[in-house]
Amino acid sequence: AEAALAILSSGARIDLVFLDNEPGIWNDTHRDVHPEPLSYDELWERTRDYASAVKKVAPDLLVAGPAEWGWPAYFHSAVDAKAGFMLRPDRRKHGDTPLIEWWLQQLAAHEKKTGQRLVDVLDLHFYPQAKGLGVGTDGNTDPETNALRIRSTRGLWDPRYADESWIKEPVRLIPRMRELVDANYPGTKLAIGEYNFGAERHLSGGLALAEALGRFGEQGLYAAWYWTYPPEGSPAVWAFRAYRDFDGK
5 AEAALAILSS
15 GARIDLVFLD
25 NEPGIWNDTH
35 RDVHPEPLSY
45 DELWERTRDY
55 ASAVKKVAPD
65 LLVAGPAEWG
75 WPAYFHSAVD
85 AKAGFMLRPD
95 RRKHGDTPLI
105 EWWLQQLAAH
115 EKKTGQRLVD
125 VLDLHFYPQA
135 KGLGVGTDGN
145 TDPETNALRI
155 RSTRGLWDPR
165 YADESWIKEP
175 VRLIPRMREL
185 VDANYPGTKL
195 AIGEYNFGAE
205 RHLSGGLALA
215 EALGRFGEQG
225 LYAAWYWTYP
235 PEGSPAVWAF
245 RAYRDFDGK
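Using our numbering, the first residue of the sequence shown is number 5, and each one after it goes up by one.
Where hints are given, some of them may not hold.
[Claimed, not checked] Simulated DEER-style distance windows between Cβ atoms:
| no. | residue 1 | residue 2 | range |
| --- | --- | --- | --- |
| 1 | Pro63 | Thr145 | 42 to 50 Å |
| 2 | Gly224 | His34 | 32 to 40 Å |
| 3 | Val37 | Asp146 | 37 to 45 Å |
| 4 | Pro93 | Val61 | 33 to 41 Å |
[Stated by the list, open to error] Below are the DSS-like pairs computed for lysine-lysine, each with C-alpha atoms no more than 25 Å apart in a straight line:
| no. | residue 1 | residue 2 |
| --- | --- | --- |
| 5 | Lys97 | Lys86 |
| 6 | Lys117 | Lys193 |
| 7 | Lys97 | Lys60 |
| 8 | Lys97 | Lys117 |
| 9 | Lys116 | Lys172 |
| 10 | Lys59 | Lys172 |
| 11 | Lys97 | Lys59 |
| 12 | Lys135 | Lys60 |
| 13 | Lys135 | Lys97 |
| 14 | Lys59 | Lys116 |
| 15 | Lys86 | Lys172 |
| 16 | Lys116 | Lys86 |
| 17 | Lys60 | Lys193 |
| 18 | Lys86 | Lys117 |
Simulated from the structure, these hints should not be mistaken for lab results. The model shown is predicted, which means the values in this text are computed figures rather than measured ones. By construction, the Cβ of each residue, glycine as well, lies at the ideal position given by its N, Cα and C atoms.
The task is simple: from the sequences and hints, build the whole structure.
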């Protein structure tokens, strides 16, 4: 954190900063420094403290969070995940309010009290969970999985599409995010900080990516970041080129 603030203080060109990454699984991905599961209260306290520090150094910088990893973390803390989602002890302690909804409410209450907006961008991650889709160059490429991969992009926007995985209900991520913001913290921008559909070297991966990029524009998403980058010359590269540099200029 001190290093990041030093970079900001140096005058380097930075437009947006994320409040870390996927806090709901810190006890797995960062278990050496955060072995215990993150709670509702700790997420809010860290958001408040670190966003305040960033805004003090660079008040015009956009701050994004909470950069949660996927479906369960939209609704529950890591404490709930460890105890069991049916029990959800942490969520019940907080009015049984889903995590992201509650987090936005804390931001709104803080701004009402202090006049300071701490977070400018609601950021959530999107990885389709259906079997065989893969991430990056991984993923099955049989006809059934290829069709499923392309269909899975409907989880970004379509209220009629029930996710074909253990989720088994519509994700409709971008409209869901917009509804959360409108109801709890109006004026917050929307971003998808990580996404990937797998099979980057196969045409189905390129088609899924092209569909997602089109939907990002159609749905008015502020920003999205692909995880991580597609291989040179792959269909996934050409999907990006279709939107970023179709004529080579």
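So, going through the hints one by one against the coordinates:
Distance hint check for Pro63 and Thr145: the Cβ-Cβ separation is about 48 Å, which falls inside the suggested range of 42 to 50 Å. Remark: the range hint 32 to 40 Å for Gly224 to His34 is upheld by a beta-carbon distance near 33 Å. Range check, Val37 to Asp146: Cβ separation about 41 Å, and the 37 to 45 Å hint holds. The supplied range of 33 to 41 Å is met by Pro93 and Val61, whose beta-carbon atoms lie about 37 Å from each other.
Taking the CA atoms of Lys97 and Lys86, the gap is about 15 Å. The hint holds against a cut of 25 Å. At most 25 Å may separate the alpha-carbon atoms for a hinted pair to count; Lys117 and Lys193 meet this at roughly 21 Å. Taking the CA atoms of Lys97 and Lys60, the gap is about 32 Å. The hint is violated against a cut of 25 Å. For the suggested pair Lys97 and Lys117, the alpha carbons sit about 23 Å apart, so the restraint of at most 25 Å is met.
Proximity of Lys116 to Lys172 is assessed by CA-CA distance (about 38 Å); at most 25 Å being required, the pair is judged violated. For the given pair, Lys59 sits about 40 Å from Lys172 by alpha-carbon distance, which is inconsistent with the 25 Å threshold. Of the supplied pair hints, the one linking Lys97 and Lys59 is violated, its CA atoms being roughly 30 Å apart against a limit of 25 Å. Of the supplied pair hints, the one linking Lys135 and Lys60 is violated, its CA atoms being roughly 45 Å apart against a limit of 25 Å.
With a CA separation close to 34 Å, the supplied pair Lys135 and Lys97 exceeds the 25 Å bound. The straight-line distance between the Cα atoms of Lys59 and Lys116 is roughly 17 Å, inside the 25 Å bound, and the hint therefore holds. Using a Cα cut-off of 25 Å, the hinted pair Lys86 and Lys172 holds, with the two alpha carbons roughly 22 Å apart. This hinted pair does not check out: Lys116 and Lys86 have alpha carbons roughly 33 Å apart, beyond 25 Å.
Our distance criterion of 25 Å between C-alpha atoms is met by Lys60 and Lys193, whose separation comes to about 21 Å. At most 25 Å may separate the alpha-carbon atoms for a hinted pair to count; Lys86 and Lys117 exceed this at roughly 33 Å.
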